[in-house]
Amino acid sequence: MPQVTYTDHTGESRTVDATVGDSVMETAVRNGVPGIVAECGGSLSCATCHVYVDEADLASLPPMEEMEDEMLWGAADERRDNSRLSCQLKIAEGSDLHVTTPTTQV
Amino acid sequence: MSDGLLIIGSSQAGVALATSLRALGYDEPVTLLGDENHRPYQRPALSKEWLQGEITNESLMFRTQDYWDEHDIQVVRNERIVRIDKRDNGSGVAHSMSGTDFGFDRLALAVGARPRRLLLEGVDLPGVLYLRNADDALELKARVPDVQDVVVIGGGFIGIEAAASLHKMGRTVTLVEAAPRLVARAVGEQTSAYLLEHHRASGIDIVLDASVRRIVANGDRVGGVELGDGRVVPADLVLVGVGVIPNTELAESISLECDNGVRVDESALASDGVTVAVGDCANLPNPVPGAPEGDRVRFESVNNAIEQAKVAAYAIMGRREEYAGIPWFWSNQGAIKLQIAGLSTGHDRTLVREDPERGKHSVLYYRGDRIIAADCINHPLDFMAVRSALGKGQAIPFDAAGDPTVPLKSVTTDPADLVPAD
Ligand SMILES: Cc1cc2nc3c(=O)[nH]c(=O)nc-3n(C[C@H](O)[C@H](O)[C@H](O)COP(=O)(O)OP(=O)(O)OC[C@H]3O[C@@H](n4cnc5c(N)ncnc54)[C@H](O)[C@@H]3O)c2cc1C
Ligand code: FES
Chain A
1 MPQVTYTDHT GESRTVDATV GDSVMETAVR NGVPGIVAEC GGSLSCATCH VYVDEADLAS
61 LPPMEEMEDE MLWGAADERR DNSRLSCQLK IAEGSDLHVT TPTTQV
Chain B
1 MSDGLLIIGS SQAGVALATS LRALGYDEPV TLLGDENHRP YQRPALSKEW LQGEITNESL
61 MFRTQDYWDE HDIQVVRNER IVRIDKRDNG SGVAHSMSGT DFGFDRLALA VGARPRRLLL
121 EGVDLPGVLY LRNADDALEL KARVPDVQDV VVIGGGFIGI EAAASLHKMG RTVTLVEAAP
181 RLVARAVGEQ TSAYLLEHHR ASGIDIVLDA SVRRIVANGD RVGGVELGDG RVVPADLVLV
241 GVGVIPNTEL AESISLECDN GVRVDESALA SDGVTVAVGD CANLPNPVPG APEGDRVRFE
301 SVNNAIEQAK VAAYAIMGRR EEYAGIPWFW SNQGAIKLQI AGLSTGHDRT LVREDPERGK
361 HSVLYYRGDR IIAADCINHP LDFMAVRSAL GKGQAIPFDA AGDPTVPLKS VTTDPADLVP
421 AD
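Chains A and B, in that order, give the protein sequences.
Per the UniProt record's numbering, residue 1 is the first one in the first sequence, and the count goes up by one each step.
Per the UniProt record's numbering, residue 1 is the first one in the second sequence, and the count goes up by one each step.
Just chain A, same shape as in the assembly (with noise of 0.2 Å):
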């Protein structure tokens, strides 16, 4: 079972166990990960999943779309060159990802 490790600003840890194909907004969200709000529930519309994802899962995961470019572009904490929208992630067999949340979403 793939797994997804949240780290906070503050540098504490969680692991989840995640299921194939949910996103890892969806994963925070329904195990009460902080960090991520998530209003739109996945519908690309609200920048409040946003994530750093570890440089060294960057490259496994799918490019991102315009859409996905333009509402970082607002979110609440400083965009990186590794920011993403976390619901746009989906989990993908044999791949453990590790996310970084910022220090607020909203």
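Since the hints were derived computationally from the structure, they do not count as laboratory data.
Treat the hints with care, as some may be off.
[As the list claims (entries may be wrong)] Straight line, CA to CA, 30 Å or less: simulated DSS-like cross-link-like pairs of lysine-lysine: (1) A:Lys90 / B:Lys168; (2) B:Lys360 / B:Lys409; (3) B:Lys168 / B:Lys360; (4) B:Lys392 / B:Lys360; (5) B:Lys141 / B:Lys168; (6) B:Lys141 / A:Lys90; (7) B:Lys409 / B:Lys392; (8) B:Lys392 / A:Lys90.
[To be verified] These stretches of chain A come out as covered by chain B in the derived footprint (C-beta under 8 Å, 3 or more residues): (9) 20-31; (10) 44-54; (11) 77-87.
[Claimed, not checked] Distance ranges between label pairs, derived from CB positions: (12) B:Leu119 / A:Asp81: 52 to 60 Å; (13) A:Asp96 / B:Leu208: 50 to 58 Å; (14) B:Met97 / A:Arg79: 44 to 52 Å; (15) A:Glu66 / B:Leu208: 28 to 36 Å; (16) B:Glu321 / A:Ser13: 29 to 37 Å; (17) A:Glu55 / B:Arg83: 54 to 62 Å.
Idealized CB from N, CA, C, for every residue including glycine.
We have chain A; now place chain B with the ligands onto it with these hints.
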């Protein structure tokens, strides 16, 4: 042992209240009770991604059972509260239709709203549906394979979203709206016009200024919709989306003041000073900073349910936090993503930023020199810029915003630049 908090209604607002309370460290028992026979789920995708089969049932669930267990939140399904005995101190007992009693030290109403029903000949025919909850959506989805002609009555968000989804699923869709424009309640004229043009061009037949005389039967089921001008639009499915009515009956029965929703203050406290009411069922002071004194609103949005639940959670913890914020909303309609920031009521001028080639279209609303809202179609950059500026009290000068090739963010100025220091 204390009875703790009873939340009636286990949808967006009830869930947000329960989870916010635990996040704040509330350690009394919490019961999250609802009358639907489903685990708490979110509604927005019911008319969009879920209806189109793009996401599974599981994606609609708010939380895993493990979460509820770990956080000691008792989730009760399939129990409808029909009567409440409440004492002056806010405690009491809620009685369910099945005869079960739920005692509480404190009560939260998160009972939402129900669809406004049409009162017309033929509305009870099989195949005339409403769309508010998962059962409605399951029935709608189950019928789609067997139907070709759909009439949607009502050009508000639910009607248009469902029309766009059903059209995308290959159905012939006619949408009839009584008003002269689409979503008249929530967006300005330019946005309505854009939506009309887009959806017509995509193949949805839209009839404005239309009255519906009756629903026509075909044998023992629905066969069409007769309009005021006598024309009968064939339909083997009719979806009615003509607005909602807040569920205030329980609140009224315990003498809470109600007026288009349960009247609450900035902290989500009802007129008895202890019961809280959150989400679609609540009528609250307009939370937009600088709103006219005494102005009240009732929102039907996820953002409001979440934000209002947060202040309600603080109130239950004994801390008075005022709900202040910039309302926002989204609506996915086929190829259109509409995002709205702020409230456009009371605007005196508008500005359109358009990039027709990329299908981007934003309308900015101003009162005097001050930006108060924006409707943005396929334009997250504009939406995010306006939402953030409104949130920070920043200005987006009308003249500078006119050039659609200039990012709004780059012309946004701090309030200090506007108000010269004396
Ligand atoms: C199809 C659809 C699409 C939507 N799309 C969007 C969108 O894109 N963006 C957006 O921001 N918002 C959207 N909304 C609105 C959003 O879903 C609502 O604002 C939100 O659900 C309100 O939450 P609530 O908890 O206040 O009320 P509700 O969701 O109405 O929940 C109230 C719950 O209380 C239960 N209940 C009522 N009375 C009793 C009783 N006596 N005993 C027990 N239980 C009771 C009800 O059955 C219900 O489960 C959409 C709504 C629908 C229906
Ligand atoms: S959850 Fe809203 S954009 Fe990802």
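These are the hints, each one checked on the structure:
1. A:Lys90 / B:Lys168: Holds: A:Lys90 and B:Lys168 sit about 24 Å apart, inside 30 Å.
2. B:Lys360 / B:Lys409: holds (16 Å)
3. B:Lys168 / B:Lys360: Status holds; Cα separation ~21 Å.
4. B:Lys392 / B:Lys360: holds (25 Å)
5. B:Lys141 / B:Lys168: Given that 30 Å is the threshold and the Cα spacing comes to 13 Å, the pair holds.
6. B:Lys141 / A:Lys90: holds (25 Å)
7. B:Lys409 / B:Lys392: holds (13 Å)
8. B:Lys392 / A:Lys90: Violated, because 33 Å separates the two Cα atoms, which is more than 30 Å.
9. 20-31: n = 5 at 8 Å, threshold three: holds.
10. 44-54: holds (count 4)
11. 77-87: Coverage by chain B is violated for the segment 77-87 of chain A (0 residues, Cβ < 8 Å).
12. B:Leu119 / A:Asp81: 52 to 60 Å: Given about 58 Å between the Cβ atoms, the range holds.
13. A:Asp96 / B:Leu208: 50 to 58 Å: holds (53 Å)
14. B:Met97 / A:Arg79: 44 to 52 Å: Since B:Met97 and A:Arg79 have Cβ atoms about 51 Å apart, the given range 44 to 52 Å holds.
15. A:Glu66 / B:Leu208: 28 to 36 Å: Because 32 Å falls inside the window, the suggested range holds.
16. B:Glu321 / A:Ser13: 29 to 37 Å: holds (30 Å)
17. A:Glu55 / B:Arg83: 54 to 62 Å: holds (59 Å)
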